[in-house]
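Visitor: Take the sequence shown: its position 40, counting from 1, is numbered 39 in numbering that gives the first Met the number 0, and each next residue is one higher.
Among these hints, one or two may not hold up.
To be verified - Computed cross-link-like contacts, EDC-like style, restricted to lysine to aspartate or glutamate with a CA-CA straight-line distance of at most 20 Å:
{"id": "1", "residue 1": "Lys46", "residue 2": "Asp17"}
{"id": "2", "residue 1": "Lys5", "residue 2": "Asp89"}
{"id": "3", "residue 1": "Lys122", "residue 2": "Glu55"}
{"id": "4", "residue 1": "Lys33", "residue 2": "Asp87"}
{"id": "5", "residue 1": "Lys119", "residue 2": "Glu55"}
{"id": "6", "residue 1": "Lys46", "residue 2": "Asp31"}
{"id": "7", "residue 1": "Lys1", "residue 2": "Asp114"}
{"id": "8", "residue 1": "Lys33", "residue 2": "Glu16"}
{"id": "9", "residue 1": "Lys32", "residue 2": "Glu99"}
{"id": "10", "residue 1": "Lys5", "residue 2": "Asp17"}
{"id": "11", "residue 1": "Lys62", "residue 2": "Asp79"}
{"id": "12", "residue 1": "Lys46", "residue 2": "Asp84"}
{"id": "13", "residue 1": "Lys1", "residue 2": "Asp95"}
{"id": "14", "residue 1": "Lys122", "residue 2": "Asp95"}
{"id": "15", "residue 1": "Lys122", "residue 2": "Glu24"}
{"id": "16", "residue 1": "Lys46", "residue 2": "Asp89"}
{"id": "17", "residue 1": "Lys119", "residue 2": "Asp95"}
{"id": "18", "residue 1": "Lys32", "residue 2": "Asp44"}
{"id": "19", "residue 1": "Lys1", "residue 2": "Glu16"}
{"id": "20", "residue 1": "Lys14", "residue 2": "Glu24"}
{"id": "21", "residue 1": "Lys33", "residue 2": "Glu99"}
{"id": "22", "residue 1": "Lys39", "residue 2": "Glu55"}
{"id": "23", "residue 1": "Lys33", "residue 2": "Asp95"}
{"id": "24", "residue 1": "Lys122", "residue 2": "Asp79"}
{"id": "25", "residue 1": "Lys8", "residue 2": "Asp95"}
{"id": "26", "residue 1": "Lys5", "residue 2": "Asp44"}
{"id": "27", "residue 1": "Lys32", "residue 2": "Asp84"}
{"id": "28", "residue 1": "Lys5", "residue 2": "Asp114"}
{"id": "29", "residue 1": "Lys39", "residue 2": "Glu16"}
{"id": "30", "residue 1": "Lys46", "residue 2": "Asp114"}
{"id": "31", "residue 1": "Lys8", "residue 2": "Asp79"}
{"id": "32", "residue 1": "Lys32", "residue 2": "Asp79"}
To be verified - Distance ranges between label pairs, derived from CB positions:
{"id": "33", "residue 1": "Met0", "residue 2": "Pro115", "range": "37 to 47 Å"}
{"id": "34", "residue 1": "Arg47", "residue 2": "Glu24", "range": "28 to 38 Å"}
{"id": "35", "residue 1": "Asn37", "residue 2": "Gln90", "range": "31 to 41 Å"}
If you are wondering where the hints come from, they were derived from the structure by calculation, not from laboratory data. From the three backbone atoms N, C-alpha and C, an ideal C-beta is built for every residue, glycine too.
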Amino acid sequence: MKIVGKILKLFISQKNEDGITLTHEQTTLSLDKKGVINDKFHSLDSKRAILLSSYESYTIANKNNIQMPYGSLGENILMDFNPYDLQDGDQIQIGDVILEITQHCTLCKGLSKVDPKAPKLLKNHRGIFAKTVTSGSINLNDTVSL
0 MKIVGKILKL
10 FISQKNEDGI
20 TLTHEQTTLS
30 LDKKGVINDK
40 FHSLDSKRAI
50 LLSSYESYTI
60 ANKNNIQMPY
70 GSLGENILMD
80 FNPYDLQDGD
90 QIQIGDVILE
100 ITQHCTLCKG
110 LSKVDPKAPK
120 LLKNHRGIFA
130 KTVTSGSINL
140 NDTVSL
């Protein structure tokens with residue numbers, strides 16, 4: 000495998016007692032076959048369990064005067080590598096974890112809470128979903144390999 004980038008940020012999302020989703024930045028994510036452990040999507044749909052996004056998405060938003068804090072795309076993993084050209088079935092290694100791309104992220108109306116222009120602007124740049132092939136941990140600054 001060839002190193003193509005590194006991990007910039009890691010996140011989990013959890014619902015609080017009022018049902019409001021809160022995003023928490025992490026230094027390490029633990030993944031098993033059901034997704035990101037302690038994330039609200041763990042054990043739900045394994046094909047949509049892990050969201051990978053690129054720093055480039057935030058750059059596009061910034062260039063269009065949309066200020067979004069990291070984690071706004073709902074990503075679990077933010078990388079300095081743009082994964083959006085990867086296809087379903089492609090595999091990516093991050094640290095000791097191997098992920099398989101399952102689908103490109105669909106248009107998310109939730110992004111309109113950040114800015115009404117965001118869903119249309121980022122419809123092809125929000126992220127891609129993956130499932131876990133090899134369980135393990137992902138840490139900040141881990142390398143991304145194809």
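Visitor: Each hint: holds or not?
Guide: Hints, verified against the model:
| no. | hint | in the structure |
| --- | --- | --- |
| 1 | Lys46 - Asp17 | violated, 27 Å |
| 2 | Lys5 - Asp89 | holds, 18 Å |
| 3 | Lys122 - Glu55 | holds, 13 Å |
| 4 | Lys33 - Asp87 | holds, 18 Å |
| 5 | Lys119 - Glu55 | holds, 16 Å |
| 6 | Lys46 - Asp31 | holds, 13 Å |
| 7 | Lys1 - Asp114 | violated, 36 Å |
| 8 | Lys33 - Glu16 | violated, 23 Å |
| 9 | Lys32 - Glu99 | holds, 11 Å |
| 10 | Lys5 - Asp17 | violated, 35 Å |
| 11 | Lys62 - Asp79 | holds, 17 Å |
| 12 | Lys46 - Asp84 | holds, 18 Å |
| 13 | Lys1 - Asp95 | holds, 14 Å |
| 14 | Lys122 - Asp95 | violated, 30 Å |
| 15 | Lys122 - Glu24 | violated, 24 Å |
| 16 | Lys46 - Asp89 | holds, 13 Å |
| 17 | Lys119 - Asp95 | violated, 35 Å |
| 18 | Lys32 - Asp44 | holds, 11 Å |
| 19 | Lys1 - Glu16 | violated, 43 Å |
| 20 | Lys14 - Glu24 | holds, 14 Å |
| 21 | Lys33 - Glu99 | holds, 13 Å |
| 22 | Lys39 - Glu55 | violated, 25 Å |
| 23 | Lys33 - Asp95 | holds, 16 Å |
| 24 | Lys122 - Asp79 | holds, 19 Å |
| 25 | Lys8 - Asp95 | holds, 17 Å |
| 26 | Lys5 - Asp44 | violated, 26 Å |
| 27 | Lys32 - Asp84 | violated, 24 Å |
| 28 | Lys5 - Asp114 | violated, 28 Å |
| 29 | Lys39 - Glu16 | holds, 13 Å |
| 30 | Lys46 - Asp114 | violated, 28 Å |
| 31 | Lys8 - Asp79 | holds, 10 Å |
| 32 | Lys32 - Asp79 | violated, 25 Å |
| 33 | Met0 - Pro115: 37 to 47 Å | holds, 40 Å |
| 34 | Arg47 - Glu24: 28 to 38 Å | violated, 21 Å |
| 35 | Asn37 - Gln90: 31 to 41 Å | violated, 24 Å |
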